[in-house]
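Single-letter residue listing:
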Amino acid sequence: MSSHLVFNVTAIRQDSPNLKTYVFEHNLRAKSGQFVMVWMPGVDEVPMSIGWQTDTEFHIGIANAGDCTNAISEQIKVGDRLGIRGPFGTSFDYADYDHIIGVGGGYGTPPMLNLAQRATELGKEVTMIQGARSKDYLLYEDLFAKLGVEIKLATDDGSEGHKGYCTDILAEELKNLDKSKKTCIYTCGPEGMMVKVAQMAEEAGIDCQVSLERYMKCGFGICGQCCMDDTGIRICKDGPVITGKYALEHTEFGKYSRGQSGIVVK
Amino acid sequence: MNLSVNFCGINFPNPTVVASGYLGVTGASLANCIKHGSGGVTGKTLFMDERPGHPNPTILTFPGGIINAVGLSGEGIKNAKHEFDKYRELAPENPVIGSVAGKNIDELVEVARIMEEYPVDMLELNFSCPNVDDEMGRPIACDPQMTANATRAVRKVVKKPISVKVSPNVPNIGLIAQQAEAEGADAITAVNTMGPGMLIDIKMRRPTLSNKVGGVSGQALKPIAIRCVYDIYKAVKIPIIATGGIINGRDAIEMLMAGGSLLGIGSAIVAHDLKCFDMITDKIREFMQEEGFSDISELVGLAHKS
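In the order they appear, the protein sequences are chains A and B. If you read the first sequence in the numbering used here, its first letter stands for residue 1, the second for the next number, and so on. If you read the second sequence in the numbering used here, its first letter stands for residue 1001, the second for the next number, and so on.
Bound conformation, chain B alone (with noise of 0.2 Å):
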């Protein structure tokens, strides 16, 4: 039976990457995520500069979710390197995603230029976090051809495969994958956190987050990401890393049947912790196992078949 993933030509021993904000501040750490059994990951965002982020409370749970508002805190680019180049000393067979962004698409390519030179094996394009914006506040993401201008001008400098992160607040997430793709994108990773969405502290009278609002993920995410991920499979041929609200084997196979070959990773690392990884990858073996599929690629677009 073959859990491996074939991506980009890039070999994935099991579907699950460690999705991007998620145990993605240190190289020790993603490599942590590979020894518990992930596939592969995806740094947290790099800018140029070094970024504080927003002051806590960033990051919260709440029954069916997460929400978070980290403000895309970082050490910057240049500062970045030794981090990849521990996990490549830790985790020298599995695969890591340089998750890269800019103020401006000047900056975003710069960025991507020097992300290339570092040893990752692939470029994950995030323009579709909030604080990615173009001159109207909103995220390139959001835009299709603010989309299109920005994969543009990654694939001008970057040889190494890209995949455009896109975000799940748009009408017509296809429309904007096929942008991505037709300006050569490799692959699109699907999706972003919805919202922005808001908690309030009922005693504190104020909201929890310091920002206020902030993207919202988990539970309550997954049957738009699924939606999303359906939707994009059906308008580009480019493969896509399906994240959003996964916590289990059973939302992973679900993912794979809405057209994602990679599983991003992160609602389940708060629901299961580190053991996670194994958990889906028994599972996915189970199901195959059960149901009579002997090599991955079976399960993904399944529920587009029928």
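Looking at chain A on its own, in the form it has when it is part of the complex (with noise of 0.2 Å):
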């Protein structure tokens, strides 16, 4: 359950000015949605959602967010190796949707990435949109591709695409919709964006899933470090991936978390 397997990372993507992607070479047997530790010797050991997977591969997303981040992008070369613990928590359920709409803000988006991995595989009908500050923020324009996925690109500058908020792509594709097709919107990215997404899933009526992010310990839903007001819920073990009317149902969605001690962090 958890002691780390340790790769080599075999190659690494330069996707953002502050996002690398690292490859390894491993049949990870992740479900969509789920998440890794992943474990900077000496540093420390931090949640991680997996983007691309094939049987042969699997694909971190690692934005510098922090002082683990940071070392990672910093030392951790082609060649060097990292502890990985997992797949832990939820997945993403999409077998009985037809039409499956992602929504993912930055560093959200590898996930997103998976899912349509996985959504495309089964022939299900896939919209992506995805958000960021900028055109250089923008991630996997490449592998959307090479799935042939319909990518709706928004960025807070206009410098691609709709110049605003993925949300704002996502209220005309809700306007648009087939409503013979059972659809739900899945979203990951900052908890505000998917608190919107969530809310507007709820208010046309649609299905939605959002995969939630929190600090974390043991991974495995022992050590409660990453449970969620007011229900409790352990985001390692009962998420990351939750329905989004069940997540506008907790309190501290959108609006606080904890931190490393446990304090409350708005």
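These are calculated hints, taken from the structure and not from any lab test. Don't take each hint at face value.
Stated by the list, open to error - Reference listing, derived: stretches of chain B covered by chain A, where coverage requires no fewer than 3 residues with Cβ under 8 Å from a Cβ of chain A:
1) 1013-1026
2) 1046-1057
3) 1201-1213
4) 1263-1270
Heads up, the beta-carbon is just placed ideally off N, CA and C, and yes, glycines get one too.
Assemble the dimeric complex from its two separately framed chains, guided by the hints.
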């Protein structure tokens, strides 16, 4: 359950100015939306979602967001080793839907890529909406293209795609939905965005699944570090994927989380 | 058939209590354990100040057990009242034990004094975590005199029941428990983790825990924990919260027979997730039925009678 698999990094892609994707040759067999704990020895171990995944390799997209991710970015080169624990947690439920709409903001994009892979394999209609601050921060256009997935882009500065938020694009999508198809909206990214997406789905009466992130220690549901108010569910075990409807029942969703000590951070 | 336990005057609807350090960061998380069948809960140990704890990896399993060096992370007692309030709101019927520690006895007393004002039923004094050292670097619980001094100091300011959590890493655990009892402890929580232990990642060629060493629990600890509870039961009259490697109902019954009145549950969550509470109480009920017992108290210390 929790000893590390240690892999040599076989390739590194610089996918945006602050995000590198690390490629490992291993059949991880993760379900779409699950995460792994990535161990940078001597520094820390952090939860990361799984991006592109085939029978022979998997990708982890790591944005510079703190001491551990910065250390990985600065120190890990091709051939160096990282430890992986997992995969852990719940996964996206997509089998029963005809139309998959993904809304990925920033580094919430890797699990959307993974979902797009699995959904296209099953021949489902896939619409991916991706938002970023500018053109340079948009992720995995080549890989989405490889899947033949329709991708709609939004940037804050309008340097590519729609100038504005990905929720603006989602609003348009929802207006033009084919009601005969069973549709689900999936989202991963900044929590404020996910709140908006979950609310829009609720209002439109469409199913929604969100992938959440909290500070984690054990990764398998015993330490209590990643629990959400008021249900007390564990994001590492009962999440990271929960329905948008259930997420909205949580008083802390979009409002606060807890840090390494357990103290509330708003 | 009665599975409820009156422990130091507090009613636990069943003998399972979430052990300190498990799912105890937030009040809502502890209340979620109640929803899944736990009789009571213990919060994560709090010091006066916020503590980040060690970097990850902090908690790992291995075949036969768990090793952890979380490093007593916590919000700090002054920041944590809202968690107990939330627990009370969500689980008004089930007891909660507040676990406290300090960098020294003065801090411990101050933290205990604040905890007593919070909506907790009982206090647990964590003397046995390796981070709660005397000047020699040993946990308080490894020294009978230190245990006596610390218990006495807390007893002076705390009216609610107190349980002293002891370490298995001592030559005579009964003596430590006697010291706590003599200074006014109402109960003993036995035991904390053993060790410290270490795991090495052979491909990284280094210890896996960031802290290198950590406390060992789970099945590896169970026979030692049972012996400790057995020894303490012989040594003192105050009741015991027995904890250490219980993963199923059978282990739980062993612990009751060794002398535990309540069962601190942690390893079972690793093994069976939150359904473990119901699994354990169901198994105890089934055993009592089969063996002709009507009250769970009949099982407590039964192994001493033969």
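Structure-based check of all given hints:
With 6 residues carrying a beta carbon less than 8 Å from a beta carbon of chain A, the stretch 1013-1026 of chain B meets the three-residue requirement, and the given coverage holds. Interface restraint, the stretch 1046-1057 of chain B with chain A: holds (7 residues with C-beta to C-beta distance below 8 Å; minimum three). Using a Cβ-Cβ cut-off of 8 Å, 6 residues of the stretch 1201-1213 of chain B lie near chain A, which meets the minimum of three, so the contact claim holds. Counting residues of the stretch 1263-1270 of chain B whose CB lies closer than 8 Å to any CB of chain A gives 3, so the stated coverage by that chain holds, three being the minimum.
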